[in-house]
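Given the structure of chain A, go ahead and fit chain B onto it with the hints provided.
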Amino acid sequence: MRSLMNRRFLTLAVLALAIAVLPLVFPSSYYFRVASLVWVSALAAIGLNILMGQAGQVSLGHAAFFGIGAYAVAIGPAHLGIPPWAALLVGAVLSAVLAYLVGRPILRLKGHYLAIATLGLGVLVAMIISTESRWTGGPDGMPVARLALFGWRVSGSDTWYWITGGLLLAGTWIALNLDDTPTGRAFRALHDSEVAAQVVGVDVARFKLQAFVIAAVYASLAGSALAFMNGFINPDQAGFLHSVELVTMVVLGGLGSVVGSIVGAAVLVTLPQALTVFQEYEHLLLGLIIIVSMIFMRNGIVPTLSALLLRRGRS
Amino acid sequence: MAEFLQFLISGLTVGAVYALVALGFTLIYNASGVVNFAQGEFVMLGGMVTVFAAAAGVPLPLAGLVAVCVAVAVGLLLHRLAIEPARGASAVTLIIITIGASILLRGIAQVMFDKQFHKLPAFSGDTPVDVLGAAVQPQSFWVLGGAAVVVLALYVFLEHTVLGKAVLATAANRLAARLVGINTTTIMALAFGGSAAIGAVAGILITPITLTSYDVGTLLALKGFAAAMLGGMGNPLGAVLGGLILGLLEAFGAGYLSSTYKDAFAFLVILVVLFAAPQGLFGRRVVERV
Numbered sequence: 001m002r003s004l005m006n007r008r009f010l011t012l013a014v015l016a017l018a019i020a021v022l023p024l025v026f027p028s029s030y031y032f033r034v035a036s037l038v039w040v041s042a043l044a045a046i047g048l049n050i051l052m053g054q055a056g057q058v059s060l061g062h063a064a065f066f067g068i069g070a071y072a073v074a075i076g077p078a079h080l081g082i083p084p085w086a087a088l089l090v091g092a093v094l095s096a097v098l099a100y101l102v103g104r105p106i107l108r109l110k111g112h113y114l115a116i117a118t119l120g121l122g123v124l125v126a127m128i129i130s131t132e133s134r135w136t137g138g139p140d141g142m143p144v145a146r147l148a149l150f151g152w153r154v155s156g157s158d159t160w161y162w163i164t165g166g167l168l169l170a171g172t173w174i175a176l177n178l179d180d181t182p183t184g185r186a187f188r189a190l191h192d193s194e195v196a197a198q199v200v201g202v203d204v205a206r207f208k209l210q211a212f213v214i215a216a217v218y219a220s221l222a223g224s225a226l227a228f229m230n231g232f233i234n235p236d237q238a239g240f241l242h243s244v245e246l247v248t249m250v251v252l253g254g255l256g257s258v259v260g261s262i263v264g265a266a267v268l269v270t271l272p273q274a275l276t277v278f279q280e281y282e283h284l285l286l287g288l289i290i291i292v293s294m295i296f297m298r299n300g301i302v303p304t305l306s307a308l309l310l311r312r313g314r315s
Numbered sequence: 001m002a003e004f005l006q007f008l009i010s011g012l013t014v015g016a017v018y019a020l021v022a023l024g025f026t027l028i029y030n031a032s033g034v035v036n037f038a039q040g041e042f043v044m045l046g047g048m049v050t051v052f053a054a055a056a057g058v059p060l061p062l063a064g065l066v067a068v069c070v071a072v073a074v075g076l077l078l079h080r081l082a083i084e085p086a087r088g089a090s091a092v093t094l095i096i097i098t099i100g101a102s103i104l105l106r107g108i109a110q111v112m113f114d115k116q117f118h119k120l121p122a123f124s125g126d127t128p129v130d131v132l133g134a135a136v137q138p139q140s141f142w143v144l145g146g147a148a149v150v151v152l153a154l155y156v157f158l159e160h161t162v163l164g165k166a167v168l169a170t171a172a173n174r175l176a177a178r179l180v181g182i183n184t185t186t187i188m189a190l191a192f193g194g195s196a197a198i199g200a201v202a203g204i205l206i207t208p209i210t211l212t213s214y215d216v217g218t219l220l221a222l223k224g225f226a227a228a229m230l231g232g233m234g235n236p237l238g239a240v241l242g243g244l245i246l247g248l249l250e251a252f253g254a255g256y257l258s259s260t261y262k263d264a265f266a267f268l269v270i271l272v273v274l275f276a277a278p279q280g281l282f283g284r285r286v287v288e289r290v
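For the record, the sequence lines run as chains A and B. By the numbering used here, the letter at position 203 of the first sequence is numbered 203, and the numbering carries on one by one without gaps. By the numbering used here, the letter at position 197 of the second sequence is numbered 197, and the numbering carries on one by one without gaps.
Chain A extracted, bound-state conformation:
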């Protein structure tokens, strides 16, 4: 128990240190922007990992919630006169409500059927966003008003670096703590065997639904943060490919590993940036890297590496 507490503390400390120290080596504001993108994606991936890694349920439509969060802070101030910070909350609540309502029937489904149902949900939301152009600007996207807190207009890539870094720390802290609560243990029981979990009195349906709602809120907040940061939003953020990217982050980093989700997000966000040199070959290389890393590290980067280190340490 004690070592578990320590490990959790260590993870948070290392993450906080990384966020604090990285700016010292950044040569330009472009790096702040890329790092903020990593923090935002990692936040969404950590949430999705609670659903996939801990509760063992797949979602191929998770970008829908990311999109709802992003469009809430775009539409709220522009069309409805809601202050930006309140729009962020509205987005989170909307995502939670949608996840709750749809999750109940959807989560009865298993395996590939759950995958197609969540995929369908994601496609529907993305399609509504790109079709209702009166509200959302359609496929071209729409601008997002700056976030203002007590008269302070938040802008600048370094400012957003610290805000998204703080959000990620908070998200990581909650996810790590969740692991050690009755809810977290119920999630893991679910993951290992639904039947066994049911036998020992875990309300399977309720906990799946909880994990789905938590994951949706994480994604929604990440979406809002990205929209504020970019000052612009388009339907791709809610699309199928973004959902796939989120799932890939989680699986590539390691299912069930919170650190893994951050590593997975870092790889998937920085890789295309690094590959822009080979612009023409970007897709080709991205696909190749995904295939190769999944073949050779099928449990994900972090679990594979830590198992390797453990073995090295013992011998």
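Worth flagging that the hints you see were computed from the coordinates, not collected in a lab. Just so you know, not all the hints are guaranteed correct.
Stated by the list, open to error - No more than 30 Å apart at the CA atoms, straight line, and that leaves these computed lysine-lysine pairs for DSSO-like:
(1) A:Lys110 x B:Lys165
(2) B:Lys115 x B:Lys262
(3) A:Lys110 x B:Lys262
(4) B:Lys119 x B:Lys262
The following block gives chain B in isolation, referenced to the frame of chain A:
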């Protein structure tokens, strides 16, 4: 009446393509348990290779044959280089690998061909045929007929050849199939090759109607996947029916309700069907014992 017939035929035409994609999904899923998200890329390869071979002066039928061969080679390579080395990995890992393969193939197509839309000439001209008042493109008959031939050929292969029975045995129980001396690795390679060929044929048939480009695969894979689910995963007949139903839903939805939400309509119906019948329309009900 003429309008209804028009929607019916265009729905069946698109549905036939979805059916072929779904059939490809089912073949691979049954033989290996893998949900192959790169299925749409086989369709893209079928169309694109034919277009570029034809542009290089190869006669159309031969260009189509070349495209099918290219797709089969890609399918076999996909199995040999990406699926076989990851044997025993979890279902979600395998899904990610096929998604990676789909991105890779799209990337290769983008580099080797281009990012433009391309068209093939219709096989027997563009003069619409009058069917009870509905104007039907002759290419529709090619699509429907081609799909029917593929389905029939697959049926005969599975039911009446030793190799086909080996595929069915592998689908039913891989371990038992291996115990009676079936080389399941060969069967899996066969499934990937066959599935690629089916996809490529679909791509060649539909390109004169819908055009093709390097990225048409994604949406087709989604629709095909949805059709396979709708019919009940792993059921070939269900896949064909699921594809046709999906095509009809889209055509009638676009015709009578809203054409902007044409694609949404299909997914909405799938959600409703899955809520009501979690195993798909024609799937076997699995009873869970506790």
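Could you check the structure against the hints above and give me the numbers of any it violates, in ascending order?
-> none
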